[in-house]
Amino acid sequence: MASTATRPQLAHLTAILNELKDKGTYFHLRVLDDQQAPVCHYDGKQVINLASNNYLGLANHPKLIEASLKATRELGVGSGAVRTIAGTMKIHMELEEKIARFKNVEACVVFQSGFAANAGTVSAILGKEDFILSDELNHASIIDGARLSRAKIKVFRHKDVAHCEELLQEVANEPGRKLVITDGVFSMDGDIGPVDKLAVLAEKYGAIMMVDDAHASGVLGRNGRGSIDHFKMHGRVDVQVGTLSKAIGSLGGYVCGSRDLIDYLYHRARPFLFSTSHPPAVAASCIAAFDILEQEPERIDRLWENTRYFQGELRRAGFNVGGVNTPATETPITPVILGEGRKTMEFSRALFDHGVMGTGIAFPTVPEGKARIRLIVTSEHTRAQLDQALETLERVAKRMGVLQ
30 MASTATRPQL AHLTAILNEL KDKGTYFHLR VLDDQQAPVC HYDGKQVINL ASNNYLGLAN
90 HPKLIEASLK ATRELGVGSG AVRTIAGTMK IHMELEEKIA RFKNVEACVV FQSGFAANAG
150 TVSAILGKED FILSDELNHA SIIDGARLSR AKIKVFRHKD VAHCEELLQE VANEPGRKLV
210 ITDGVFSMDG DIGPVDKLAV LAEKYGAIMM VDDAHASGVL GRNGRGSIDH FKMHGRVDVQ
270 VGTLSKAIGS LGGYVCGSRD LIDYLYHRAR PFLFSTSHPP AVAASCIAAF DILEQEPERI
330 DRLWENTRYF QGELRRAGFN VGGVNTPATE TPITPVILGE GRKTMEFSRA LFDHGVMGTG
390 IAFPTVPEGK ARIRLIVTSE HTRAQLDQAL ETLERVAKRM GVLQ
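Numbering (the numbering used here), first residue to last: 30 to 433.
In case anyone wonders, no lab produced these hints; they're calculated from the structure. Please note that the accuracy of each hint is not assured.
[Unchecked claim] Below are the DSBU-like pairs computed for lysine-lysine, each with C-alpha atoms no more than 30 Å apart in a straight line: (1) K127 to K74; (2) K127 to K52; (3) K52 to K74; (4) K261 to K226; (5) K181 to K226; (6) K157 to K188; (7) K181 to K157; (8) K427 to K50; (9) K233 to K183; (10) K372 to K50; (11) K181 to K127; (12) K74 to K427; (13) K183 to K157; (14) K50 to K74; (15) K226 to K157; (16) K261 to K233; (17) K183 to K427.
Predicted model only: the values in this text are computed from it and were never measured.
Modelling step: build the complete structure from the supplied sequences, incorporating the hints.
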């Protein structure tokens, strides 16, 4: 392999990496050696896994595995093309129809990732003459989609519906469409977006209403139907985005809405137009996952039981899990707020050394001074595993001066 170490063209990247090392926020990727399970092996070490988005344990559910294998045997390992050329398989249409029925909408389109679904949709449905009103803590994929659309972006304070209305009033007489967009569940703090109030507000001003339900689907609402179902706002949200990569346990993203919206995205959403479609195995595993959401609601019950217990014990021990200088979590996303980036990364590494996988998250993913360990329990963690993790968290925190 030819050496590029002495070439100056990318020296600025090396300088930035050195800055991260000086700040203590540089990280190495942890490598999973086996299944994404409550207890698994990263970098050859057995750990209690509290870092995964596999909320319901579906990533290794036997029915998903069998559906994936069956589809591979019958349909091969790849689709061979983008959807609009030769890559739309019957199983892709079955998945989209399955999701549309589950979400109680007319139609659905599946993307290669949740990021692509958000970025591709926002940039497709708006242009430079339009306005986007976006919560300040919305996901990066929403922010990137807004930038790609070239629309004028107005950011309202987190979950501040009155501020959103002020901004809508400012642009009410401006030409162009207006889009109000929020996360259903905010991925770093775990609080629930005011979907109901924003949807009413969007109707008042004739704005398009869009919700990113990546962390709400499979968690909130009947059988995990998400924040729109949670707030009983069916028919009042124009664009619903979700992911197949978290509670669904597989890979991809989707957009739900009217038939015209989905047909338009078939024609204009660039990630859809220029990316090869999902392998049959992925589509089949996703179909099986939605069947399980309908058939095994007790998984969601266990998820919430574990969440209430775990968060209650963390608070009892004295950890800041939100609600002090950050929003209070309302979902299984459990941020342990430490504040300073270097200490957070050191704490994460110490937890790992003692058998708990809890990933440190610092700037720019979260604001300066609000670094945290983001923990997520799943439906499949046992009480014994949670107790062991809690004991380790408290012991390491006291040793490092995080707790007294």
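We went through each hint and held it up to the structure:
{"no.": "1", "hint": "K127 to K74", "in the structure": "violated, 39 Å"}
{"no.": "2", "hint": "K127 to K52", "in the structure": "violated, 47 Å"}
{"no.": "3", "hint": "K52 to K74", "in the structure": "holds, 27 Å"}
{"no.": "4", "hint": "K261 to K226", "in the structure": "holds, 12 Å"}
{"no.": "5", "hint": "K181 to K226", "in the structure": "holds, 23 Å"}
{"no.": "6", "hint": "K157 to K188", "in the structure": "holds, 25 Å"}
{"no.": "7", "hint": "K181 to K157", "in the structure": "holds, 7 Å"}
{"no.": "8", "hint": "K427 to K50", "in the structure": "holds, 25 Å"}
{"no.": "9", "hint": "K233 to K183", "in the structure": "holds, 18 Å"}
{"no.": "10", "hint": "K372 to K50", "in the structure": "holds, 13 Å"}
{"no.": "11", "hint": "K181 to K127", "in the structure": "violated, 35 Å"}
{"no.": "12", "hint": "K74 to K427", "in the structure": "holds, 23 Å"}
{"no.": "13", "hint": "K183 to K157", "in the structure": "holds, 13 Å"}
{"no.": "14", "hint": "K50 to K74", "in the structure": "holds, 24 Å"}
{"no.": "15", "hint": "K226 to K157", "in the structure": "holds, 27 Å"}
{"no.": "16", "hint": "K261 to K233", "in the structure": "holds, 18 Å"}
{"no.": "17", "hint": "K183 to K427", "in the structure": "violated, 43 Å"}
When held up to the earlier numbered hints, the structure conflicts with 1, 2, 11 and 17 and fits the remainder.
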